[in-house]
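If you read the sequences in order, they're chains A and B. Under our numbering, the final residue of the first sequence carries the number 354; numbering is consecutive throughout. Under our numbering, the final residue of the second sequence carries the number 354; numbering is consecutive throughout.
One or more of the hints may lead you astray.
Claimed, not checked - Simulated pairs of lysine-lysine, BS3-like, Cα-Cα distance not exceeding 27 Å: (1) A:K152 with A:K66; (2) B:K152 with B:K216; (3) B:K339 with B:K265; (4) A:K216 with B:K60; (5) A:K216 with B:K339; (6) B:K216 with A:K339; (7) A:K152 with A:K60; (8) B:K216 with A:K265; (9) B:K152 with B:K60; (10) A:K157 with A:K66; (11) A:K265 with A:K317; (12) A:K265 with A:K216.
Hint data in this document are derived by calculation from the structure and do not stem from the laboratory.
There are 2 protein chains.
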Amino acid sequence: MRLEQLMELTELLGIELPIVQAPMAVVAVAQGSAMAIAVSNAGGLGSLPCAMLTADGLRKELESIKTQTNKPLNVNFFCHAVPDADAERESSWRVALAPYYRQYGIDPAGIPTGPGRAPFSGEFADVLEEYQPAVVSFHFGLPPAHLLARVKSWRSKIFSSATTVEEALWLEAHGVDAIIAQGLEAGGHRGMFLSDDLTTQVGTFALLPQIVRVVKLPVVAAGGIADAQGIAAAMALGAAGVQIGTAYLLCPEATISGIHRAALKSEAARHTALTNLFTGRPARGIMNRVMRELGPINSHAPAFPLATSAIAPLRAKAEAEGSGDFSPLWSGQNAIGCKEVPAAQLTRELAGGH
Amino acid sequence: MRLEQLMELTELLGIELPIVQAPMAVVAVAQGSAMAIAVSNAGGLGSLPCAMLTADGLRKELESIKTQTNKPLNVNFFCHAVPDADAERESSWRVALAPYYRQYGIDPAGIPTGPGRAPFSGEFADVLEEYQPAVVSFHFGLPPAHLLARVKSWRSKIFSSATTVEEALWLEAHGVDAIIAQGLEAGGHRGMFLSDDLTTQVGTFALLPQIVRVVKLPVVAAGGIADAQGIAAAMALGAAGVQIGTAYLLCPEATISGIHRAALKSEAARHTALTNLFTGRPARGIMNRVMRELGPINSHAPAFPLATSAIAPLRAKAEAEGSGDFSPLWSGQNAIGCKEVPAAQLTRELAGGH
Numbered sequence: 001m002r003l004e005q006l007m008e009l010t011e012l013l014g015i016e017l018p019i020v021q022a023p024m025a026v027v028a029v030a031q032g033s034a035m036a037i038a039v040s041n042a043g044g045l046g047s048l049p050c051a052m053l054t055a056d057g058l059r060k061e062l063e064s065i066k067t068q069t070n071k072p073l074n075v076n077f078f079c080h081a082v083p084d085a086d087a088e089r090e091s092s093w094r095v096a097l098a099p100y101y102r103q104y105g106i107d108p109a110g111i112p113t114g115p116g117r118a119p120f121s122g123e124f125a126d127v128l129e130e131y132q133p134a135v136v137s138f139h140f141g142l143p144p145a146h147l148l149a150r151v152k153s154w155r156s157k158i159f160s161s162a163t164t165v166e167e168a169l170w171l172e173a174h175g176v177d178a179i180i181a182q183g184l185e186a187g188g189h190r191g192m193f194l195s196d197d198l199t200t201q202v203g204t205f206a207l208l209p210q211i212v213r214v215v216k217l218p219v220v221a222a223g224g225i226a227d228a229q230g231i232a233a234a235m236a237l238g239a240a241g242v243q244i245g246t247a248y249l250l251c252p253e254a255t256i257s258g259i260h261r262a263a264l265k266s267e268a269a270r271h272t273a274l275t276n277l278f279t280g281r282p283a284r285g286i287m288n289r290v291m292r293e294l295g296p297i298n299s300h301a302p303a304f305p306l307a308t309s310a311i312a313p314l315r316a317k318a319e320a321e322g323s324g325d326f327s328p329l330w331s332g333q334n335a336i337g338c339k340e341v342p343a344a345q346l347t348r349e350l351a352g353g354h
Numbered sequence: 001m002r003l004e005q006l007m008e009l010t011e012l013l014g015i016e017l018p019i020v021q022a023p024m025a026v027v028a029v030a031q032g033s034a035m036a037i038a039v040s041n042a043g044g045l046g047s048l049p050c051a052m053l054t055a056d057g058l059r060k061e062l063e064s065i066k067t068q069t070n071k072p073l074n075v076n077f078f079c080h081a082v083p084d085a086d087a088e089r090e091s092s093w094r095v096a097l098a099p100y101y102r103q104y105g106i107d108p109a110g111i112p113t114g115p116g117r118a119p120f121s122g123e124f125a126d127v128l129e130e131y132q133p134a135v136v137s138f139h140f141g142l143p144p145a146h147l148l149a150r151v152k153s154w155r156s157k158i159f160s161s162a163t164t165v166e167e168a169l170w171l172e173a174h175g176v177d178a179i180i181a182q183g184l185e186a187g188g189h190r191g192m193f194l195s196d197d198l199t200t201q202v203g204t205f206a207l208l209p210q211i212v213r214v215v216k217l218p219v220v221a222a223g224g225i226a227d228a229q230g231i232a233a234a235m236a237l238g239a240a241g242v243q244i245g246t247a248y249l250l251c252p253e254a255t256i257s258g259i260h261r262a263a264l265k266s267e268a269a270r271h272t273a274l275t276n277l278f279t280g281r282p283a284r285g286i287m288n289r290v291m292r293e294l295g296p297i298n299s300h301a302p303a304f305p306l307a308t309s310a311i312a313p314l315r316a317k318a319e320a321e322g323s324g325d326f327s328p329l330w331s332g333q334n335a336i337g338c339k340e341v342p343a344a345q346l347t348r349e350l351a352g353g354h
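For reference, chain A alone in the conformation it holds in the complex:
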């Protein structure tokens, strides 16, 4: 029955390999169209992270992609509700950061506030309609029904992440075509959307088979999968495919900083934590100074995505000095699959074709 589901995913998408390259948006993005194109051309499903793009930027990327691949591709959006600014919380957060502002000679009054990441919108849908990508994936649930209906109208397949059995059942009931079972090991933002209680979050070994058992859709396993052995393990647990992010971060197509690369290559990568300091929502990154000193989860951090602004100038100043003390060093709990090889080669190696 599970082997059948594997067929379903590759057939559903018309791709050769059951490997989805995870969309990774950092600042501006950890990877852009170059990586997505390379992975799709290698037979996997490349993904373009769009949470930090404008509609114009999205059009530019999709136009560029069109000239470089005709293979199926995934465009990924966040679909959070944008919170109202909370002056009191913002101010208490800036008090918490004050010693760091002083250290770096930053005037907090000069820091702009702003959302940092935009949710999926009608404007994005207008652009997508022109290009009709094979897959549109969402993080933090699904967009409003009318927007989802638009995407479905031109037959893009809909993927979204579930971090619990309840979320998987909810996504199935709301019409997705495949479910990404995002285990606790995964790097970057937790896709959780029915609860904000971190104790509900489950490791891949436990989450994947529980979701496979209750849904009829193909389930894509994510979190901790780093190599061909990891893919074999996920398939043994019933996955129809896998989504791999961290392993791609040392590829030349990844646009992360040298600081981030160095951290991924070091033993520091063994210790990650979920942190809300960088965006306001829990996301997994390598432990660094600000996470240690303020606690990786701090209740003063503004709501997602508003926390992004206050920490940005600290990050910029520290990075200029070669320090990742204030950078989101996104990584899953298993960085041993990271290789400094082109994304196409990594994709083939992951698929066992090396």
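Got chain A sorted already, so can you dock chain B onto it with the hints?
The following block gives chain B in isolation, referenced to the frame of chain A:
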């Protein structure tokens, strides 16, 4: 190379199946010699939890086991340092519990204090020396060197749990024969001993391959493994064997309460958390009222194992009314493998022989 390690474990122990039944001590014990005997006779490695036994109790169990199996068996001990009583912390904890004491008409002054669980000691070693079990496993690191040397002198194999790469390297350097890679999904007590920072804890999918990569010893995978597919997945990730606990908890040989059984069979089992409320150390159990109301991790809870005393009478009163509100409902994050079948049958089914 990994297949070779699988051979090593079964050969190391002279057992047929690479399955270790996890030792599970509840109150007094979740399972005693009956389950261990059944699993060992079925070809796996049965385990006797000894943390809540006296030396006399241990002798009685081992004597009984001797008449029922000559197969290899594991006896498991905790090896924590017993903390000094801290009157202030004890008292602030009893303040936190006061509303519950009032609800159940319990006089806090009448509650005895006491350790609850005893670490491995010379007295236990005296008993073991008579029986020389095939395997002696430890949780929370290893006992003092002179005690470890005694156990090794009669050639019992030493197992201990690692929850991080650092702990695995430490255990290898200190002479264990096999390492149990305890992923975050696992039920019961985290074996962590080099750090008490819960963010260091890693899911099985990430922990297992990282440990396999750096140690030369056989690695037994634990956490989230519930069925034959889970075992196949763990083997794909390089495990030499697996340790399975939760799946055995509905076997007739398990001595857990009807309340605990009912919780494991219900959807409540989908939500577990690490909690220090019941013993003082983080251990995974099904979320219940006291965990929700006091937070699963509460800094007022006395140090391990001293927290056991204060909650015991609440548990007794609540259970008498059919409630698990104050019970440690130990479970891993994946309870789908629980079956109400004899432990020998479950062992064979896990091994794929059904």
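Report task. Quick one: which hint numbers does this structure break? Sort them smallest to largest. Result -> Going through the list in order, the structure violates hints 4 and 12 and respects the others.
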